[in-house]
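Those protein sequences? They're chains A and B, same order as listed.
Here my numbering is used: position 43 in the first sequence is 43, and no number is missing along the way.
Whatever position you read off the second sequence (first residue = 1), add 500 for my numbering.
Source of the hints: derived by calculation from the structure; they are not laboratory data.
The beta carbon of each residue, even a glycine, is placed where N, CA and C say it ideally should be.
Any given hint could turn out to be false.
[Said to hold, decoys possible] Going by beta-carbon spacing under 10 Å, a handful of chain A positions derived as facing chain B:
no., residue
1, A174
2, L324
3, R325
4, G344
5, S356
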Amino acid sequence: MTTELLIENVSKAFPGVQALNKVNLTLTGGTVHALLGENGAGKSTLIKIITGVYRADSGTLKTNGEVKFFESPVEATHAGIAVVHQERNLIPDFSVEENITLHNPPIRFGIVDRVKRKELAQKALETLGFEINLNEKIKNLSVAQMQLVEIAKALVTNAQIILLDEPTASITGAETVKLFDVIRRLKATGTAILFVSHKLEEVYEICDIVTVLRDGESVLESKALSEYPQGEVVDLMVGRHLADRKVELREIDRTTTPVFELRNISTALGHSNTSLKLSKGEVLGMYGLVGAGRSELARTVLGLHGITGGEIFLDGQLIHIKSLRDALHKYKIGYVTENRKEEGLFLDFPVRKNISVTILSRLLRRLGVINRSQEDEVATKYVDRLGIKVVNNDQLAGTLSGGNQQKVSVAKWLAAETEILIIDEPTVGVDVRTKAAFHELILELANEGLSIILISSDLAEIIAIADRILVMRNYELVADFPNTKDYPTMSRSIMTSIHS
Amino acid sequence: MLKTFFQHRMTELSLTIIFIIGFGILVATSHGILLHRNSLQGFLTYLAVPIVIGMAQMVVLCIGQMNLAVGAMGGVSSGVMAVLMAQHHYPIWLALLIGFLVATGVGAINGALVVLTQLNGFIITLGTMTILLGFQYRLVRSFTIDGYPISLPNFGAKSVLGFPLILMIAIATSVLLSLFFSRTATGRRVLATGGNALAARLSGVSNNRSVLIAHTLSGALVGVASIITIASLPGINRSIGGDWMLSSFAAPIIGGVLMAGGTVAVYGTIVAAGVVRLVDIARAQYSLDPSIVSLTVGVVVLSTVALSEWRRRRSERAREGMKVSR
Chain A
1 MTTELLIENV
11 SKAFPGVQAL
21 NKVNLTLTGG
31 TVHALLGENG
41 AGKSTLIKII
51 TGVYRADSGT
61 LKTNGEVKFF
71 ESPVEATHAG
81 IAVVHQERNL
91 IPDFSVEENI
101 TLHNPPIRFG
111 IVDRVKRKEL
121 AQKALETLGF
131 EINLNEKIKN
141 LSVAQMQLVE
151 IAKALVTNAQ
161 IILLDEPTAS
171 ITGAETVKLF
181 DVIRRLKATG
191 TAILFVSHKL
201 EEVYEICDIV
211 TVLRDGESVL
221 ESKALSEYPQ
231 GEVVDLMVGR
241 HLADRKVELR
251 EIDRTTTPVF
261 ELRNISTALG
271 HSNTSLKLSK
281 GEVLGMYGLV
291 GAGRSELART
301 VLGLHGITGG
311 EIFLDGQLIH
321 IKSLRDALHK
331 YKIGYVTENR
341 KEEGLFLDFP
351 VRKNISVTIL
361 SRLLRRLGVI
371 NRSQEDEVAT
381 KYVDRLGIKV
391 VNNDQLAGTL
401 SGGNQQKVSV
411 AKWLAAETEI
421 LIIDEPTVGV
431 DVRTKAAFHE
441 LILELANEGL
451 SIILISSDLA
461 EIIAIADRIL
471 VMRNYELVAD
481 FPNTKDYPTM
491 SRSIMTSIHS
Chain B
501 MLKTFFQHRM
511 TELSLTIIFI
521 IGFGILVATS
531 HGILLHRNSL
541 QGFLTYLAVP
551 IVIGMAQMVV
561 LCIGQMNLAV
571 GAMGGVSSGV
581 MAVLMAQHHY
591 PIWLALLIGF
601 LVATGVGAIN
611 GALVVLTQLN
621 GFIITLGTMT
631 ILLGFQYRLV
641 RSFTIDGYPI
651 SLPNFGAKSV
661 LGFPLILMIA
671 IATSVLLSLF
681 FSRTATGRRV
691 LATGGNALAA
701 RLSGVSNNRS
711 VLIAHTLSGA
721 LVGVASIITI
731 ASLPGINRSI
741 GGDWMLSSFA
751 APIIGGVLMA
761 GGTVAVYGTI
771 VAAGVVRLVD
781 IARAQYSLDP
791 SIVSLTVGVV
801 VLSTVALSEW
811 RRRRSERARE
821 GMKVSR
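Extracted from the complex, chain A is given alone in its bound form (with noise of 0.2 Å):
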């Protein structure tokens, strides 16, 4: 019998966005099957439904000819499900022997089997055709070797379901090869292989069977990746829903000096010579794929990190951004996290409290106690401003939903009346709708002068509302696009500069 796994009508909500809706996937052994969509489109929480870290709302899952979801990651690993999660799972002080024995390590006379486990992790590595120290710490290890031990981990339990979440995103080509070569050999033997990559040529080239995922649904169900040429799937994947939403152009002024500018900034994170110009009231797109170094270099360059060469300008003065506090107070910059719930929010703080703390003294009076009610009539301002649905303003930010929170973190900025604004994946895990409502947010923002450096990693969002495009590839910008807002040629031009 071959081995299968059924996924029939799974679903799963988080609070404010339905992540899954009713998702079929068909994972047979002997095959190597591609799951795709954009960030958000749900393949993660879909994985992790599968190995049991999620408990779905609603559908069933069937293994092995049993029909029930794994209560737990041990158990799936039990039943033979192995997982390379997308975030790194690894015990940075535990050696790489150590760690892809971590599951399941032989075990002789109640004691750790050394020798058995060195041989194990030896033959997994062997496999991969990856040559490393194998008393190394992970700690000391470079991010695509972290990755390679990552995948090692998943071959030693000698799992017949093999769950890859992006497992070539840090790795280099020559690494992607051999990794492809076990994948084609494991393949040969049986096993079910479900791959999630962002880069389509790789699908391609590994793949058999596809499965398109869109804003939780699945809009292609397990059919031969042959018939499907790569412009179907893409358009599968990011919709047609918001690339036909109209959209109008807006004049930027150019001609004056800009408002932010970095020249020739290089960081110790990996950036060389990276020079931008951002206008007044201009929103300035920044795609990428997820680790291209957008993120890093708007951290970097306020403060959060130092950087090691080049020029920062404001309104064409010189400027030394040395904090963030820095940036926020003296220079009136101010950064919306990728983060919400990590970064963004106090989850337990009531929701005026997350919007006064970045203006805490400007509401003094006295001997330095705060104007309660100037602070209200502030979170009230924003909240109504940006339509924040909640009971009243000492509602806890943790019982919101996603798209409240996320305004919740823009609205802290607006009230520091901040006139740049860095925007990091405002949209990510947040429904169509909620989606839509803040990119009109971010517009009107832009057009009552408000300067914004919209990143972001969903394209139809970004060709949506920026007027211009930049493209980061490995921390290097690639490609600077005036935006026409015409979907299918700058979709195009942006994959090509990605991709070549």
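Once you've looked at the hints, dock chain B against the given chain A.
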């Protein structure tokens, strides 16, 4: 509006009820002796120190750290006060001021060390605690220092309308602290650091400054506790501060302060300190073994922490739709 008020104040309300019931039982079983002027005075007087050291711990807990040196700082600070008055004949006000500044200074040093080394307050204060215990021993040796002007204990025994003056000092300090956290920009920034350090940093809050302020404030509160101690005890020896650590954690944690940081509960801490005092009284009244007190308080602290952690995880799961990790 009323409903959210009760939800937010759940811990504090139930503690108040527990306190009232407990107090009632003790009054009834003691045939009303507890309500006599002297025993009531005693009960309230010895409530002042637990309240203030609870506050000293609370301000550090609210940035997600701990101050293990609370007791040792109090020991040194009150020791300095006593030695200056008894052996060097400093005026009372000056001796108390210097002792207060010593405690505040040590707090500032704790904060500075945490900022400079980027280590957790736990390990830093464990270190300063050990150093301070050495200082305390050099300062007071194994004597009891009591040769200071009688006006100080007299002041400590004063009461206004039947209310001990030093308890009023403790409560006034707490009220000021409460205002600091709810109404000043600095207090709110400190809480922001405790609530989510990353978000605070990205919002232009200096986390280092918050850490420094929290530890310095903790030291200043220990200084206040030392003043109360020296004013309410007949003499100072090296046992002072020895039993402060558990009670400093007990009051805020039972009172509803989260170990993870981001919250303060001034009223809760006061009432919890009262409840802990009741356990003490019960021991004396029923002539129970002294170990009962530590045992009871320890168990209550552990179960409170476990309960709040369970509640936190449950609400987080409800938010994320995640399963229990096993």
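Tested hints:
no., hint, verdict
1, A174, "36 Å, violated"
2, L324, "6 Å, holds"
3, R325, "4 Å, holds"
4, G344, "6 Å, holds"
5, S356, "8 Å, holds"
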